[in-house]
Every structure is written in structure tokens, then in C-alpha cells.
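Let's have the full structure, built from the sequences with the hints guiding it.
Line by line, the protein sequences give chains Z and B. Number 71 in our numbering belongs to position 71 of the first sequence; there are no gaps in the numbering. Number 1067 in our numbering belongs to position 67 of the second sequence; there are no gaps in the numbering.
Please keep in mind that the hints were generated in silico from the structure rather than gathered at the bench. Take the hints with a grain of salt, since some may be wrong.
[As the list claims (entries may be wrong)] A partial selection of chain Z residues facing chain B, derived with a Cβ cut-off under 8 angstroms:
no., residue
1, P16
2, T69
3, L88
4, G89
Positions of the beta carbon are idealized from the N, C-alpha and C atoms, including for glycine.
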Amino acid sequence: MKTNAVNLIEQEWILPGNRTCPGCALSLAYRHTLKALEGQCIVTVPASCATVLHGMYPITAVNVPCVNTPFASTGASATGLVAGLKALGRKGITVLAFAGDGGTHDIGIQSLSGAAERQYDFIYMCYDNEGYMNTGNQRSGSTPLGAVSGTTPVLGKQQYQKDMTAIMEAHGLPYVATCSASYPLDLYEKVKKARTIEGTRFIHVHTPCPPGWLFPFSDTIRMGEMAVETGLVVLYEIEDDIFRLTSASESLARKGGTLQPVREYFISQGRFKTITEEQIDELQNWVNTRWKHCLHRATNL
Amino acid sequence: MATQKKSNIHILDGNQAAAIAAKLSRVQVIAAYPITPQTPLTEQLSQYVEAGELQAEYVAVESEHSAMAVCTSASLVGARAFTATSSHGLAYMHEMLHWAAGARLPIVLACVNRAIGAPWNVLNDQQDSIAQRDTGWIQIYCRNNQEIMDSVIQAFRIAEIVHVPVMVCYDGYILSHTEMPVDIPDQAAVDRYLPAYQPHTVLDPSNPKNYNLVTLANPRVGVDGKLCHGYMELRYLLQEALQNSRETILQAGREFNEVFGRDYSDMFWEDREDAEITIVAMGSLAMEAIVAADMLREEGIRVGVLGLRVFRPFPKSDVVRALRKSKLIVVFDKNISYGSEGATCSEIKSALYGTYINASIRNFIVGLGGRDIKARELVDATKKAIASLKETVINPDYPEWICQI
Ligand SMILES: Cc1ncc(C[n+]2csc(CCOP(=O)(O)OP(=O)(O)O)c2C)c(N)n1
Ligand code: SF4
Ligand SMILES: [Mg+2]
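Shown next, in the form of C-alpha cells:
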């Protein structure tokens, strides 16, 4: 049976009153991830907004065991948890690495790539708020073209986002998926599925960030939806090399595959205030090409 | 504890001794990355695991930073963790060394001492481990391969009692690649000496705990109304643990003697006490210093040798006791704190300050990047130090270097 808002597990593993900003999508994504794992996990978290979510000693907002680990070390920390559990014969616990885009695409890519190549048995979830938000929004390898940030303050970012999910797919992983915090049930299903698979599983979650992207706190869900409707974010999963579009991306494809123009998305966020018409056109072309590729690849349409 | 009677002497190099010691210690997770001159140790451990001789997870990580991250996390789910590295590898681990000590995880690391670049140099000095002295690790230095074997086993014992990680340091090539007779302890005796690891925290969903959270400067009240430590208190406790670890180190050494018949009941090695001239050295250099001391005695100059075994915690009062009769202390350092002097020299000076010992101290920097150190050179340096006393007893600001400039 597919999960819906009614039959979704009620128990919570994130307690009310965590320290993320109002409208933070990361806490929404994390909440559904922990529900899908039913709390039967050990989490490793590097320096990031997720550290802030976890709280300040001696009070934590999270009701699962967790180790905070240095920024670059998430993949290795997950490896260590898995190796330790294995050495001690402790079974039935999922190891979850939960890291931001900076901790994944940039400083943590080495330890993640190493762990994935070794096929260690854990779920790695990258929540992507497209910048170094913990340190006040500087550019990351996942900041989009045209976005203003603390270190692209005048011109906006001049490069494209790094496609981390494709990089992880190239590691030959048994399960790779993309999600959006705006589609929590899709995320929930994917984590639930990933939980049953052995090996390194990589899940990317798009998590809009009101203060970093400069949109009203109340619009988080809408921002995530627009990203999917415009094709800037595509929801899919790849299980043993079989590519499937899921959730809203699947529906879009079934309804003829027409995307909303990306312009709508850019004008709704303050971070794109300096984006040029040429950049918008470039990005529209890029989105169209990728979407075509996804439609072509999808095995479930 | 019952003594292990029979000896079991094998000819081993230092890396083999360390590998066997890790195996005898029943390590459960090993994560290491190859670097000269540590590489044979890493290979040997993977060999044990693949051949089924050691029940452990061997993680062939992609970097030393990751090696230590694997160790810290494995330790937190309750596994006994071991790693080994040298030089650039240890430097690369620096952030994680702080993390391991800060999290109070009893990891043991074998540091095969090697010079650090630039320029590249794979040969021995002690700059690598000395540069990590402030990371909160206990540091033990070995003079020979038997001490490597024994120190690794003792290191787990110490680390798991005081909850501080231990670095066992030994000189690259001079020990790591040089064979000498080593008595291999018996597994049953090691099992008696080193009980199974009892972690202070085990991450487990049935008792969720959040480890290494952001911690404020000041103590903070928890949900149960209890006042919990601030960052400063946690740092104090680490310092206190190192300060108090002396007792545990000595106890571990005494008990080791009871079981294995080799005495580690002091923080240093002393050769001919009560001399008025004392040579101080650390690691294999302390052995060379004994040869130099013999040569000096033949010339009628009475010298003793103080071989530092434990560098962190620095055994101040023990060193004062050992140097009580000294009028001249000649310190040889295989490291340099640039702009100051050799690290052991600074420690000795600091230990003696304010005591009744009013010795002159001469510091020589030797053997960097594998520069050969002959006993003859130690003799000449010591004589030079003696002669300098005629000019002044005041300690020079900076060390002399035994090199060709
Ligand atoms: C080695 C190191 N360099 C820099 C930092 C500072 N730092 C902490 S969090 C962070 C950015 C995190 O970005 P990301 O991973 O995207 O997570 P987010 O904060 O956006 O949730 C940085 C740069 C650090 N903790 N460690
Ligand atoms: S800065 Fe963004 S990602 Fe970080 S807590 Fe706030 S809303 Fe969430
Ligand atoms: Mg981020």
C-alpha cells in the first residue's frame, strides 16, 4: 500500500522546537526520513544546519542516536559506524549519513566517494539547500547559476550546479534517488525502499531555504513544487540501473511532459536578483535537454 | 596476575612488532592508509584480516582523515579501533586527532616517525608527532622493537581506562625497517592483561544519545534540570585526564611487568643515574645516547642518559627526580619548534623552572630528515656543551644544529 498522509507513521523522532529557521525544508525532509527508518538507525551529521537542528548540549531535538562528525568526514564516519556494528555483530540498525550540499558536493566528496567505492552498507542523504547556509550562505558546488551569495555577492554564481546524484550513480550504487522536501511521501517511500537494500544508497533531497534564497517563510513548499514543475529538480530513482520517474515528475511526464518556464522560479527568489536574460535562457535550455534525457531514460511511463 | 613464563623470541622489524601487537590486542576495527614507512604495517594487518587470523573489519580508507573518522565512529558503537600512519598522513589527520581526543575515544595510533615536507623526505625524524602534541593524545616513544610490541598492548589498556587516545611513536626505518629480537607475548596472557573494551558511550537506537553536539562556553541546564558542562569544563576534564593518566600509565607498566616480565614502571628510561652531566633524548636516539655515554666514560667524563618514554602527559616531577644531580643537561631533539628550540628541551626547561636544580641546558637539533647521527657526534656535542660552560653558564636562546651550516 502506498503511504498517504493518513496512514503515515505517527511517531516522531524530531521533537518539537528545533533550532532551524521557520519554513526550513531540511527539518521536514529529516522528519520523514527518520519516520521511514522508524528510528532504527544511527545517524552521522557533519557541520551544517543539521548540526543546528540537532541542538545544543545537553539538549537535543532528535530522538535517534547520532554522532556529530567533522565537516569532511561524513562518508568515513558512516563507514566507521558500519564497520563497528559489523565487528560487534550488531544487526538491524541502519546507518544514515545526513549531510548538506557543502558537506557532500565539496569538502566531503572524497570521503563519500571512498565509502561508496568500498560499497559500505549505509544510506547517505544529502539535503541540498544550495549553499553553505550554516556559515551564512556562501556559494557551494550546488549553488545554481545566477544565484547571489555571500561569496558571489555582485555578479551571482557564474557556474552550473554540480550533478552530485549523477556522480554517485557513476559509483555503481544499488540505489540512487532524488527527492524534494515538498513531496515528503515520495521521500518517505524512497527511504523505506533504500532501507531494505544493501550497499551504499545515495538520496539527494532538494530543501528550499527561506533566508538563504530570499523568499517568504510561508512559501517553502511552493518553492520546492515550482522547482519540480519547472524541471529544475527531477524526482527519480535508479535501482539496479533501472531509472524511474516518481511522484510529481512522473505525473508531469504522463500528462505530456510540459514543464513550467523556469523564469517563474527565478523571479520568486531574491537570490536571483542579478540573473540575466541570457542566463535564464541558458538554464531553460539546460532544463529542457535534461528533461528530454529523463523522459527517454524512464522505464515506467 | 599470573606470569607468562616462556619466552617466544622472534626476529622482527618494528612494523611487524606493531602489527602483531595490534592483533594480540584483538582490535576490532582497523582503518589505515599507506604511507612510507608505515606501509608494511598496514599491509600486514590487512593480511591478518583477509587470512582470517584476526576477526576485525579492515577498512582500506581513501585518506588518513577518513582513517581517523572511521576509528572515532567505530569506537562510538563499541569497537576497539586501531590505525597507523606517518608524517603527512598524521598531519592530514590533524582535525580528526583533536576530534578523537575531544570525544574521549580510546583509539590507539602507531605513528612511524618520519620527516615532513616540503621538500619531500621519507626518512626519520620526530617532527610529525611532535607537531601533534597539543591534540590531547597521550604520546609514548619507543627505543626498540620490543618496546613497540609492549607499548601498543599497554596503550589500549591505558586508553580504555583514562578515555584518552594513545599515540605509540617509533622511528621510521631505524626501528620500523630494522630487525631485532622481540619476545612475542602469549595471546592468553594478553587477554588477561587487556580485558574487552568497555566503551563509555554506545550509540544505540534503544537509548538514543547525541554525541559531540554544539556545546556552549558556559554550563547549561538540561531538560531534567541538571546543570551540564560547558565547553570549557569539557576541556578541563581532558586536561585533568592527561594529568592524572600518569598513575594509569605506571600501573599499566607495573602490571605488564607482572605478566610479561618486562618493566615499564617509570615514565622514562634512565641509564646511570646521579651523573652531573645528563644527555636527554627520545625514541631510538636514547639508545644511541647510551653508546655515546659509554664513550665519554672511557674518557673519564661521567654522564648519564635520560630516555623520555612518555612525552604527553609530560612527566615533569619524574624528570625533575631524574635530573636532580645534574649540573649540565644536554638535550638532543629530532624536531624543531621553528623560532624557538627543540620540543623536549622546552619541556625540560619548563619542568626545572622553580626547582632547586640549577643546571645549564644545551640543546642540539639532530637527525632531521634521516640525517645519520653517530654516537661520535653526540660525544663531540656533549664535550662542546661542557666547554661552553667555561664561557657562560647562561642558557643560549636558541639551539645548535648538528649539520653543515
Ligand atoms: C573543515 C571545516 N571548514 C569549514 C567549516 C565551516 N563550516 C561549517 S558548516 C559550513 C557550511 C555547511 O554547508 P552545507 O554542507 O551545505 O550545510 P548547510 O549549512 O547549508 O546546511 C562550513 C563552511 C567547518 N566546520 N569545518
Ligand atoms: S538557513 Fe535555511 S537550511 Fe539552514 S536552518 Fe535556516 S532555513 Fe533551514
Ligand atoms: Mg547547504
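Hint-by-hint comparison with the structure:
no.	hint	in the structure
1	P16	violated (13 angstroms)
2	T69	holds (6 angstroms)
3	L88	holds (6 angstroms)
4	G89	violated (10 angstroms)
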